[in-house]
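Q: Chains as they are written, first to last, in the working numbering: chain A, 1098 to 1232; chain B, 2 to 289.
Derived by calculation from the structure, the hints in this document are not laboratory data. All clues given are correct.
In silico contact screen, one side only, chain B against chain A (beta carbon under 7 angstroms); selected entries:
#, residue
1, 34
2, 36
3, 64
4, 132
5, 175
6, 176
7, 180
8, 182
9, 223
Glycine included, each C-beta is placed from N, C-alpha and C at the ideal position.
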Amino acid sequence: MRIGVLLAVLLFTPLSIAQNLYQQLGEKEGIETVVEEMLYRVGGDDRIAHHFTDVDIMRVHKLISEQICDVSGGPCDYSGDDMKTSHRNMGVTNADFNALVEHLIAAMEKHDIPVSAQNQLLGLLAPMHGDIVEN
Amino acid sequence: MKMNIRDSLVYGSHSILAGVLLFSSATFADQGTRLLATGGASTLEGAGGGGIVPWATLSSYAGKGQFGATVNLSEVAVDDFRLSVQGASVSWNNRIELSYAEQTFDLSTIGGELSQSILGAKVRLAGDLIYGDLPQISVGAQHKKNNDYALPSAVGSQDDSSVDWYVSAAKAWLDGPFHRTWVANLTLRSSKANQLGLLGFGGDKENSRDWLTEASVAAFLNRYWAVGIEYRQKPDNLNFAEEQDWKDLFVAYFPNKHVSVVGAYTDLGSIAGLDDQTGWYLSVQAAF
Ligand code: HEM
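Excised from the complex, chain A in its bound form (with noise of 0.2 angstroms):
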């Protein structure tokens, strides 16, 4: 029993864990790069672009980033709409959610943020799911 406690505990532990989400991160660069390679991919992907076909993607990129650190703890205090205001009206389906949310692991596996950080940031965007998607 003791031995099993002792390897879950060595499998479960970060490697990481003296430092806080917004710095598992990468902090403000790592987040901007990693939403910059999540919504390169929701362009390429059919299932989702048509929502952003008359959006400042520039603005979006900058918002979303903005919230992610803000909601990890870092430095930033996010200036946008809340999830129901930016959202209202654009018919996102729990399709398009998990799609965006692919993308977003996709992204966070390619510049290697070690799963517990993922975790942590899925964790905090999933309750947003009520005010974004539109059944």
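Start from chain A and add chain B with the ligand according to the hints.
A: Then chain B with the ligand, alone, in the frame of chain A:
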């Protein structure tokens, strides 16, 4: 419009953005709109779930308006027995799952063979595995029918077919303990099945339905690998031999949305009077 975003990203004034020009040739084939691993694996009884416990999740990755299907093969080899399962399922709309499984139980030591067919249906009533506060809640039924009834009848079974009913709740925590994604499922089943039904239904010791508790907990080490445990309470209806609860310790691999593989160490307790039946379990599923 595809170039719209990408052009802006590449030619935008932003200094970091201007740097990226790697064209990842990502293609998005028609595939299920649910997240990886939310289709789970296939159980021994055909329904989507863990290995021995049906989960509230529906098999395949079919989301709203989509059809999905799976085919699966499972083998359990313990000291004196071997169970082979061939199964298939179809799901629609992340709402309903129909499944079919053929089980063959090889009585290696005693000699002979038992088999049954299981037709299953599962409906998601409420909630979502990942999003929102409610867990995903489903109800299901499994109609089981023995193909060879001579042995079950000889050891005291009362019927060669019966229906199991169950209700399941499943929930995922994206950022659970140790910052890993965890999934838990609890299933309550009403059943008369002896050893899944392979030894018939009801018995000379007890011939009424039992409410049985089944539970699974899994932790994802990363996006693709999970480890977990399962527990399944069993009825004890036959005088000739005691039936015991089942447990397993599993490792699951989800390399993509089309394949999953589960390996497990299983403890099936006493079966037909032969004690301490432990061994391994292997299951492979293809999803479309
Ligand atoms: C966790 C998921 C998401 C987060 C954190 C997020 C975050 C944001 C933020 C911060 C903005 C800028 C808000 C503002 O304009 O003040 C924004 C805008 C936008 N989002 Fe999302 N979003 C998410 C999911 C989605 C999804 C799934 C879609 C559609 C597929 C989507 C489509 C858009 C569009 C098109 C805009 C631009 C609106 C406009 O400027 O007119 N978002 N999002």
